[in-house]
Each structure stands twice: as structure tokens, then as C-alpha cells.
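Read off the chains here:
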Amino acid sequence: MRYVLSVPGRLTLLLVVIAIARPALAAEPAQPGQPPQGAPPPPAAEPTPTPIAPAPDRPVPQGPDDGSPDDIAGMSHSDPDATLHEDNEFGPLIQIERIDITGNTATKTTVIERALPISAGDVLHSSDRRLRETRFKVLALGFFRDVDLAIHKGSQRGQVVIEVHVTERGTRVLNKLWFGTTDLSPGWGGADIGDRNLLGLGLAVGGGFIYARQGGLAGTRSQYAGELRAAISALGGTRWGASAAVTLVHGSEPFCAPRNGAPPVCAFHYSRVGARVGATYELSALTTLSLGLRLETIDATLPAAPITTLADNTPVAVDLHLEPGSSRVVTTSLGFDHDTRPDPILPHAGSLVALSAELGSSLLAGSYDFATIFGRFEHYWPVRGGHDALAIKLTAGVVVGDAPRFDRIYIADVDHMLTPRALGLVLSTAAPLAILGTRAEKPTYGDLGGSATAEYVFQLFRGSGKERVYGGDVFIGAGVWGLAERTDLRARDTGFVASLPIDLYADAGLRLDTDFGVFELAIANALGRLR
Amino acid sequence: MRPGIAALPAIVAAAIAGAAAPARADDDKPELQRMRFVERGDDLTVAIAPPGGIGKLFDAAAYEALGTGIESTVVIRIQITPQDSDEPIAEQLIQRSVVYDVWDEVYRLQLDELGGQKKFQVKYRAEALKWLSAIEDLPVARLAVLPVGKVFVLKMVVELNPVSKQTLAEVRRWLSQGAGGGLDRGGAFFGSFVSVFYNPKIAEADRVLRIRSQPFYRASS
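Protein sequence lines, in the order shown, are assigned to chains H and Y.
Number 272 in the working numbering belongs to position 290 of the first sequence; there are no gaps in the numbering.
Number 478 in the working numbering belongs to position 160 of the second sequence; there are no gaps in the numbering.
Calculated directly from the structure, the hints in this document are not laboratory data.
The beta-carbon is built from N, C-alpha and C at its ideal position, and this holds for glycine as well.
Among these hints, one or two may not hold up.
What the hints assert, rightly or not - No more than 30 Å apart at the CA atoms, straight line, and that leaves these computed lysine-lysine pairs for DSS-like:
| # | chain 1 | residue 1 | chain 2 | residue 2 |
| --- | --- | --- | --- | --- |
| 1 | Y | Lys448 | H | Lys135 |
| 2 | H | Lys135 | Y | Lys437 |
| 3 | H | Lys375 | Y | Lys519 |
| 4 | Y | Lys483 | H | Lys375 |
As the list claims (entries may be wrong) - Cβ pair distances, simulated, as ranges:
| # | chain 1 | residue 1 | chain 2 | residue 2 | range |
| --- | --- | --- | --- | --- | --- |
| 5 | H | Tyr438 | Y | Pro368 | 40 to 48 Å |
| 6 | Y | Ala521 | H | Ala200 | 53 to 61 Å |
| 7 | Y | Gln484 | H | Tyr438 | 19 to 27 Å |
| 8 | H | Ile355 | Y | Ala452 | 52 to 60 Å |
As the list claims (entries may be wrong) - Per the computed footprint, the stretches of chain Y lying under chain H, defined by three or more beta-carbons under 8 Å from a beta-carbon of chain H, are:
| # | segment |
| --- | --- |
| 9 | 384 to 390 |
| 10 | 410 to 423 |
Isolated chain H (complex conformation):
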């Protein structure tokens, strides 16, 4: 969800950002050079330089030697980024007799046991990395505030009992909040909520509902959409996960701009009922493969000959990319996701790669033969020692064949200054800002689209969480977006540059990571709706 800010709201936000950013940017003032003789005196707060003392006649203390043959001499540590001794285990060899899980009142013990990288009977050093990882594997479930481990004596020498003590937390989530007003709908509102650990079973459930009141555009109607979802990230402790969702959409969609000369009816009604099932497989801790199947019925009441008018009042036919009456969409999909960002909320390092391909076919009893491929890549380079970051974000999609309207790339998918769809509902007819002066009539839906963004992120602050806030960043970005129908690219009646369906967008805002959620307040979306 993207908040929309009015002019006063934006000014308030900018003042806040500037006020806070200034001291952050000046947090490490440069110190003047300070040679011991003939140089300006140090600042008042800086202590006077002291000379290095000569060596006293006493030896450097050494640790008591237990005579162990494990002693290894000569290891160099001049490189501060050197790998820690992950595989150089030490400490006693132990055998896990039993694992006790304590502190869980809502979460089933089996859910936690399945996440453990250790099990009873394992023989390992007490500094083994699997023991260190145990805490984080359990935390990665997302159900606990904290996890502590302890080793206790077992029934025989060398055997131990591992205690895993968890502190549970609330797992209810407000995923999205929709609200706003546009010419198409004078008011819309809705929310998406969920519970990531239903009944302590590790099952994530959620649902959303949005209602958008009818506006003045002829042919539209009040719209609503709802969705229910369920997902489990690890089936029986395996790397396999599963998900399912059902959706209902009762909408109306504009297909021409309301202007002089436009047809009296510029919208059509439709309804969609669909179900999706999916499976995921964790290739590694940071990489996931997903498979999906989608069944959907569309009922659309289409005008016999939909037309729109260009700026010069020339009427042109519109392809709504839907079968009149009832039709079916049946697809299979394959996805890949690799995310190495240590902090996905305020990323300053790492990268994200996401690819998705979907195939719809009459061979699967669908009414549409098409394929879609979407890709997303983000990479973050730390700047100023990780204090700031430079990011490149690329998204691209291609739709091949006779794809239904709702599976095509929508203009707000690529132009971030427009109102995005919510649960599939189109909520605005605002045209994109024409900054480059390229082709004026950009399509609302296309089969080729994408965006490229360069973003600079300033670290505003980092907190320990004691103030309920972990950190905040200010970001400034700009990029180019494009959306086209391939048929438009083949036939053009203007120069090459003027015919390109591309334009610029800019964005800036604030990202906050708090212990009650994560927030992104972006200006680009507001700018798009202030016209």
C-alpha cells in the first residue's frame, strides 16, 4: 500500500526529513591534522596527543596452556574481513541425549522441532555451528520474540540435554491498508490482515477486502474484491511448502478517457472468481523455487464495439483483451526467488532476484492461450562504510499471446507515480505525467513493460529498538519506465524517439522499521494524484 500525501503533508514530511538528516550527515566531522610540533592545537574536546611509551621490561602475558595438541600457531589476522573460525570447532565433544523445548504456549512443539538443525543422537563439538544456528533457525520461523539455548548434563558423561527456550510473540499482521479518493472512485477503503501462526500450527492465514464507491464515469459501478489465503512454509519439516488462495472480484473497468467526443459509456462490468494453489521448495536458505496452478472464471459484459478517442478526437477501436460473457483462465506457473539482503526492510547490501513465468492454455481447458514472464532485480551497494547505499532496481515483463486483460502489465505496475491496483481493482484513470515529451497516448495495459530505477539511500538513524524504532532511511530515486503493446511498436507514424512509450519518474520518501511494523511513505505516488 502506498500512502498519499497532500501538499501540507509533504511539506511536513520534508521538514522532518531535513531536520533529522542534517545531524546524521554531520555525525562524524573531520578532525584537523595534528602533528605534535608546529601544528594548530586540537579542538577543545579532543585530548592532547600522547607519545607511545617505550617497552617496559616485562613479557607479554600469554594464556595458560592446557597442553592440548589443538594449539595452532601462526594464524594471521591482518585482514579485518577474514572469515571467522566457522569450521574450527573447539570445546568438548558431546552427544545430544534429548532436546527440551520450553516457553511455547501457543506454538506446537513439533513446529519448532522441525526447524531445528540438530536432533537427538547427534555427536558434535559444543561450539559446532549447528548449535549456533539453532537459535536463528527457530527465529526464522517468525513466531518468536527471542530464543535462548542452554546445554545441561545428560544421564551419562558426554551426553547432554539441549534446552531451547522460546519467547512467543503476537503473529497477527496488518499487511495492507487501502484508502483514498479519485475521480473514478470518490472513496475506497479496505484492509488485508492475517495471522502467521494460526493456532500455533505454523500455518499462515490471511485475507483482504476492499470496497470502492462508484464515481461519475458512465458505465462504472461500485467495486469490491476479497481474498482468502493460507500458506505453510515447511510441510512436515521438509523443504516443501504449500499455499492456496481464493479470490472474488466484482469490478468495472474504464477503457477510454472521459473527454469531449468520448463515447457515452467508457467502462464495462466484470466479475472474477478464482483459486490458486502453489508449492514452494527451498533450494537453499535464501533461494526458493515455486510452482503454481490457477483456475479462474471471468464474466464480462462488454460493449459490442468499444472505442476510444485520441487527443485529436479521432475514434479508434479498443481491444479489451477479454472474451465476452463467461471465460476461463487456467495457468501453471514457475517462480524463482533469491534474496541475499541482510535487511529487506532497510536494505543497504545484498541483492534480490525474482523471476516468474506463467503459462495459460486451452490445452488446460482455459479460454486464453498466453504466457507471461516477469523479472525483478535489485542490488544494493554500501556507500560510506554502509552508512548510505546506492541501489539499482530493474523490473521487466513480457506477455506473449492472447492474455486476458487482467494478466497484462498495468501502467501503474511500472509507473510508480500512479495509483496501483488493489486486489485487482483499478481505482484511478489518471494519465501518467508526460515528462520526456514522448508518445502522448500511452497504453493503460501493455504486453511489454518495465522500469529501471537508481536510488540513493541515506541512513537517517539506527536504534536498538528501545525506542520502539530500529531505523529509518530517506531515499531519493529516479528512473525510466516503459509500457507498450507490441503492435504499436511495429507501426508508428512519428519519429523513433517520439514514438517510444517511455517516460521518467522520480520518487523520494521515508522508510521506517519499527517494532510495530514497517512503513514506506513515498512522495511519487502522491505527485501522481495531485493533478
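Given chain H, work out where chain Y should sit, using these hints.
Same frame as chain H, now just chain Y:
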């Protein structure tokens, strides 16, 4: 968007950011500690006398955790830079680990420092803490890299039980994953997010200390 509603996010942001502003200074500002620098052979060594040092890395909970049988690790990253620059002329990584042997009831330590790795054991927890936190005649640089007469400072970042970036990514990955199979495919690929939930965060280390020495220089002999 009605102006009143529109200004709400900005006000919320202002309140959150304002409340968090003091945390920035607390977390990032290095603590100035008086250190004793000594030329010992070809090396520069450093010592910090109490009440300074890195002992405050261990609060009561961290001290108790030394006896749980799970490894505790202190990583000390040291840089020596000219006083007027952030470019290090010498760097050191020091790692000290301890694990309690529940059967022999001793603390087994492993120290990785300039000069090699050392493994030994001590009987008492306080003794283990001392070995983990002592900054005493610690070799930090070759004297050859410190020109006579030039002024330097030593910067030290000390972490208790640091977490690798990959582990952090793994722990927080669920935040960037959807709830599964929803309709908003466009949002997942192209959109941003706002979400309200109880959001515990795993820090990059249990505790971090940033320490800076007073300026120092090599006097000509």
C-alpha cells in the same frame, strides 16, 4: 485524498522519527577511552586500564550466558588511522570464544590474535570473562607502518556474538515473502509495502561497543 487524512502519515512519521532521533547518537558515537600505547620490539601494543575497556560488553544476562554451554564470541575489529583521515594504516581482527564444558565444569577458551591461536581452559566464569575482555599489551600494528611524528588514533569496534549477514538475511527473509498465492501479483513484483505487525529484530550482534583512543604519535628516539 483529503488533506487531513493525507497529512496523517507525515505526522506519524514525524513522531516516530523524532522519538528515534536520540537513538542515533547513542548507537553510533564512539566512546573516547584513554589507552596506553607501548612500543614492544617491532610491534605497537595497546592496553586499557579499568574502568575503561570492553568489559561493559557483558551485562548480567551476557555474563550468565557464559555458563549455558553455548559458545560466546567476542570479535574485536581494530583500525589505526591518521587523526585527520578514516583510511586505516593498520587493521586487526581479534576473535575470542568461550564455551562451558558442562561435564568437566571448566570454561574452554580459544583466542585468535596477532601471533597465533591459543586454546586453554579456566575454572571460573569471572576468569573466562577476564580473558574475553582484557585489552592488555595487545599487539595491534607493526611499528614500521607508523611514521615518527605523525598523529594517529585507534578505533575499535567490539561485538558480542556477531551474526553473519547471510544468517541475518535468513532470519528476516519471511518479512519479504508474501503470505502465499494472492491476487496482487503486480504488487509483489512492482510495488512497495507497508505492514503493521509485531516486528522483533535480530541485531547484527548481541551488543556492540565503539571505542576511540586519544590521539597518539611516535616520538623520535
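For each hint, the structure was consulted:
Restraint check for lysine 448/Y and lysine 135/H: the C-alpha separation of about 26 Å stays at or below 30 Å, so the hint holds. The straight-line distance between the Cα atoms of lysine 135/H and lysine 437/Y is roughly 23 Å, inside the 30 Å bound, and the hint therefore holds. The straight-line distance between the Cα atoms of lysine 375/H and lysine 519/Y is roughly 25 Å, inside the 30 Å bound, and the hint therefore holds. Annotation: proposed proximity of lysine 483/Y to lysine 375/H holds, straight-line Cα distance about 21 Å (limit 30 Å).
For the pair tyrosine 438/H and proline 368/Y, the beta carbons lie near 44 Å from each other, so the given range of 40 to 48 Å is met. Between alanine 521/Y and alanine 200/H the CB atoms are about 57 Å apart, so this pair conforms to the stated range of 53 to 61 Å. At about 25 Å, the CB distance of glutamine 484/Y to tyrosine 438/H agrees with the hint of 19 to 27 Å. For isoleucine 355/H and alanine 452/Y, the Cβ-Cβ distance of about 59 Å falls inside the hinted range of 52 to 60 Å, so the restraint holds.
By the rule of at least three residues with a Cβ nearer than 8 Å to a Cβ of chain H, the coverage given for the segment 384 to 390 of chain Y holds, with 4 such residues. Look at the segment 410 to 423 of chain Y against chain H: 11 of its residues bring a Cβ nearer than 8 Å to a Cβ of that chain, three or more, so the hint holds.
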